[in-house]
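With the hints as your guide, set chain B with the ligand onto chain A.
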Amino acid sequence: MSSRRIVVPFGPQHPVLPEPIHLDLVLEDEHVVEAIPSIGYVHRGLERLVEKRDYKDFVYIAERICGICSFIHSVAYCQGIENIMNLEVPRRADYLRTIWSEYSRLHSHLLWLGLFADAMGFENLFMNSWRLREKVLDAMEETTGGRVIQGVCKVGGVRKDISNSKLSEMVKDLDILSSEMEDLCNVFFDDDTVRHRTKGVGFLSKDDAYKLGAVGPTARGCGISYDVRKTGYAAYNDLDIAPVVETGGDCYSRCNVRAKELLQSVDIIRQAVANIPDGDVDVKVKGNPNGEYFSRVEQPRGECIHYIKANGKKNIQRDRVRTPTSANIPALVKMLAGCEMADVPVIVLTIDPCIGCAER
Amino acid sequence: MSYLTKSPWIIHYDASSCNGCDIEVLASLTPLYDVERFGIINTGNPKHADIFLVTGSVNEQNKEVIKNIYDQMPKPNVVVGVGICACSGGVFRECYNVSGGVGEIIPVDVYVPGCSAKPEAIIDGVVKALGILDQKYKALKEGGGSN
Ligand code: SF4
Chain A
1 MSSRRIVVPF GPQHPVLPEP IHLDLVLEDE HVVEAIPSIG YVHRGLERLV
51 EKRDYKDFVY IAERICGICS FIHSVAYCQG IENIMNLEVP RRADYLRTIW
101 SEYSRLHSHL LWLGLFADAM GFENLFMNSW RLREKVLDAM EETTGGRVIQ
151 GVCKVGGVRK DISNSKLSEM VKDLDILSSE MEDLCNVFFD DDTVRHRTKG
201 VGFLSKDDAY KLGAVGPTAR GCGISYDVRK TGYAAYNDLD IAPVVETGGD
251 CYSRCNVRAK ELLQSVDIIR QAVANIPDGD VDVKVKGNPN GEYFSRVEQP
301 RGECIHYIKA NGKKNIQRDR VRTPTSANIP ALVKMLAGCE MADVPVIVLT
351 IDPCIGCAER
Chain B
1 MSYLTKSPWI IHYDASSCNG CDIEVLASLT PLYDVERFGI INTGNPKHAD
51 IFLVTGSVNE QNKEVIKNIY DQMPKPNVVV GVGICACSGG VFRECYNVSG
101 GVGEIIPVDV YVPGCSAKPE AIIDGVVKAL GILDQKYKAL KEGGGSN
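Chains A and B, in that order, are what the protein sequence lines are. 309 is the number that our numbering gives to position 309 of the first sequence; each next residue is one higher, with no gaps. 128 is the number that our numbering gives to position 128 of the second sequence; each next residue is one higher, with no gaps.
Everything labelled a hint here was simulated from the structure, so no lab data went into it. Since the model is a prediction, treat every value here as computed from it, not as a measurement. It cannot be assumed that every hint is accurate.
Said to hold, decoys possible - Quick list of in silico lysine-lysine cross-link-like pairs, DSS-like style, CA-CA up to 25 Å: (1) A/K56 <-> A/K286; (2) B/K67 <-> B/K128; (3) A/K135 <-> B/K128; (4) B/K118 <-> A/K154; (5) A/K160 <-> B/K118; (6) A/K230 <-> A/K260; (7) A/K286 <-> A/K160; (8) A/K313 <-> A/K56; (9) A/K314 <-> A/K154.
Unchecked claim - Pairwise CB distance ranges, derived in the manner of DEER restraints: (10) B/E64 <-> A/K284: 41 to 51 Å; (11) B/Y137 <-> A/D208: 52 to 62 Å; (12) B/E94 <-> A/V33: 41 to 51 Å; (13) A/E30 <-> B/N68: 24 to 34 Å; (14) B/K141 <-> A/E182: 50 to 60 Å; (15) A/E30 <-> B/G131: 43 to 53 Å; (16) A/E30 <-> B/L32: 30 to 40 Å; (17) B/K75 <-> A/N124: 33 to 43 Å; (18) A/P277 <-> B/E94: 37 to 47 Å; (19) B/K75 <-> A/N311: 51 to 61 Å; (20) A/K52 <-> B/I41: 34 to 44 Å; (21) B/A139 <-> A/V33: 45 to 55 Å.
What the hints assert, rightly or not - Some chain A residues close to chain B (C-beta under 8 Å, calculated; not the full set): (22) V7; (23) P9; (24) P12; (25) Q13; (26) P18; (27) E19; (28) H43; (29) Y60; (30) R64; (31) I65; (32) G67; (33) M127; (34) W130; (35) V148; (36) C354.
Ideal Cβ positions, reconstructed from N, Cα and C, are used throughout, including at glycine.
Just chain A, with the same shape it has in the complex (with noise of 0.2 Å):
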């Protein structure tokens, strides 16, 4: 039988990714033999709101990049700015920079088991997933005051301090957590259904990886051991990180490393809350920023990159921002290529594609 060419549309309304991307997968019959992304369905432009707004208010935008890894987003910027000012931080700020930082990878890598799962059709895990990132969830909206957008961290250090009682608070109530996300985390690695919906699926070979720039868990799922909180931004220099690596290339892989990033994270806010210096939580910030700075990172997804430029008045002139889910999409192209149809959604989300990031 020949085979024929047809051009299969995913998105941008597709019930397994919440968010509107659109590819043309074209099949040879259950083949994917290419797919072509097209985005812009969520760009709002908001890069050139910096020209409008005032240099500290602009950490709000800066938040609003994605409602997912918001808190991270704030940090990268007002790093940034902090920089150029030569302001020098509180170290308790950066340590609870950190503590915050730690917890919003929690909830996204839940978040993301959880719409793993669903695309699988294991409905039960993603709720389970989910379950567990309440509590996640229940943390950060205690101590910041909002769930998902913190609106916590500004430029000059943090808005608000969280008590040491609370603190040993917050780790006991971790304790219970990892131990459930452990049980969680279990599924995944063993589940007879998830390897062979995972397994071998999706490959991205570590040459391919590094040639076109993957980032995060879906660069450290291929076995490139890269990993921005190793650069020591914020606390992370005090404390004692390891990146997390799997070098199977396939989805089961990238699900691993995500999966194993939960304890580490815990690992991570165990150490910080033991270490966190006594002391203000903000400077004084006075007069406007003049220079350059080129801030990173590491979000959930990757490395995300801010570049900030300038030039002494109260609006500066440039914040690009270049987010992990852009640096991932040509990894993405790669890896559908060749696969079967069935196994798209899955594959697409193994880079956890955040669109409101990669479009802004």
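Then chain B with the ligand, alone, in the frame of chain A:
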């Protein structure tokens, strides 16, 4: 509180939301809030849906998509705009690619404020929408035209 004799199904579209409201919509479906106990189910097919939940603001490229989904839904139906972006464009109102809230494109029955809108507020909004849906059904039965 409004009652409906059928299970209302929801379709959710992320217009140009930052994901904040999106994940709260999903969170409403999961064990802590669990709107499924009211018979509300999130469907992917516009032809099965009674309630259209839109998060985020409208821009040039997604205008057509929103209209398209809305047109495919059986009548009568209701539209719920979730989050301040869907209401008016919110913090992004001045962005060059934002034309405003969802109301610019399709008629909206209920607006849920908040940035991000909390699951409690979203559920409240949906329950309100149920009441409106009920009225629309009644109007339809009495021959007063739909929507
Ligand atoms: S209302 Fe706020 S949280 Fe919701 S989509 Fe808009 S910016 Fe994001």
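Now for the hints, and whether the structure bears them out:
1. Between A/K56 and A/K286 the alpha-carbon distance is near 11 Å, which keeps this suggested pair within the 25 Å criterion.
2. Distance hint between B/K67 and B/K128 is fulfilled; the C-alpha atoms sit about 23 Å from each other, no more than 25 Å.
3. With a C-alpha separation of about 28 Å, the suggested pairing of A/K135 with B/K128 is violated against the 25 Å cut-off.
4. Between B/K118 and A/K154 the CA atoms are separated by roughly 23 Å; this keeps the pair inside 25 Å, and the hint holds.
5. For the hint pairing A/K160 with B/K118, the CA-to-CA distance comes to about 21 Å; that is within 25 Å, so the pair holds.
6. At roughly 17 Å between alpha-carbon atoms, A/K230 and A/K260 fall within 25 Å of each other, so this suggested pair holds.
7. With a C-alpha separation of about 20 Å, the suggested pairing of A/K286 with A/K160 holds against the 25 Å cut-off.
8. At most 25 Å may separate the alpha-carbon atoms for a hinted pair to count; A/K313 and A/K56 meet this at roughly 12 Å.
9. At roughly 16 Å between alpha-carbon atoms, A/K314 and A/K154 fall within 25 Å of each other, so this suggested pair holds.
10. Our hint of 41 to 51 Å for B/E64 and A/K284 holds, since their Cβ atoms are close to 49 Å apart.
11. In this structure, B/Y137 and A/D208 meet the distance hint of 52 to 62 Å, their C-beta atoms being roughly 55 Å apart.
12. A C-beta distance of roughly 43 Å is found between B/E94 and A/V33, which places it inside the suggested range of 41 to 51 Å.
13. Taking 24 to 34 Å as the suggested C-beta distance range, the pair A/E30 and B/N68 conforms, at roughly 27 Å.
14. Between B/K141 and A/E182 the CB atoms are about 55 Å apart, so this pair conforms to the stated range of 50 to 60 Å.
15. In this structure the supplied range 43 to 53 Å holds for A/E30 paired with B/G131, their Cβ-Cβ distance being about 46 Å.
16. Between A/E30 and B/L32 the Cβ separation comes to about 39 Å, which falls inside the hinted range of 30 to 40 Å.
17. The hinted window of 33 to 43 Å between B/K75 and A/N124 holds, with their beta carbons roughly 35 Å apart.
18. With their beta carbons about 41 Å apart, A/P277 and B/E94 fall inside the hinted range of 37 to 47 Å.
19. Checking the proposed 51 to 61 Å range against B/K75 and A/N311 shows it holds: the Cβ atoms sit about 55 Å from each other.
20. Against the hinted window of 34 to 44 Å, the Cβ-Cβ separation of A/K52 and B/I41 comes to about 42 Å, which satisfies the hint.
21. For the pair B/A139 and A/V33, the beta carbons lie near 51 Å from each other, so the given range of 45 to 55 Å is met.
22. For A/V7, the interface hint is violated, since its Cβ never comes within 8 Å of a Cβ in chain B; the closest pair sits about 18 Å apart.
23. A hinted interface residue such as A/P9 counts as satisfied when its beta carbon comes closer than 8 Å to some beta carbon of chain B; here the least separation is about 12 Å, so the hint is violated.
24. Against a cut-off of 8 Å between C-beta atoms, the interface hint on A/P12 holds, since the closest Cβ of chain B lies about 6 Å away.
25. Evaluation of the A/Q13 hint against chain B yields a held restraint, the C-beta minimum of about 5 Å falling below 8 Å.
26. For A/P18, the shortest C-beta to C-beta distance to chain B is roughly 5 Å, which falls under 8 Å, so the interface hint holds.
27. Taken as an interface hint, A/E19 checks out: its beta carbon lies about 5 Å from the nearest beta carbon of chain B, inside 8 Å.
28. Of the supplied interface hints, the one on A/H43 holds, with its beta-carbon coming within about 5 Å of a beta-carbon of chain B, less than 8 Å.
29. Residue-level restraint check for A/Y60 holds (minimum Cβ-Cβ distance to chain B is 7 Å; threshold 8 Å).
30. With a least beta-carbon distance of about 5 Å to chain B, the hint placing A/R64 at the interface is held under the 8 Å criterion.
31. This hint holds: A/I65 has a C-beta 7 Å from the nearest C-beta of chain B, less than the 8 Å allowed.
32. For A/G67, the interface hint holds, the least distance from its beta-carbon to any beta-carbon of chain B being 3 Å, beneath 8 Å.
33. Taking 8 Å as the C-beta contact cut-off toward chain B, the hint placing A/M127 at the interface holds, the least distance being around 5 Å.
34. Below 8 Å, beta-carbon pairs count as interface contacts, and A/W130 has one with chain B at about 4 Å; its hint therefore holds.
35. Because the beta carbon of A/V148 sits about 5 Å from the nearest beta carbon in chain B, less than 8 Å, this interface hint is met.
36. About 7 Å separates the beta-carbon of A/C354 from the nearest beta-carbon of chain B, less than 8 Å, and the hint is met.
Violated hints, in rising order: 3, 22 and 23; the structure is consistent with all others.
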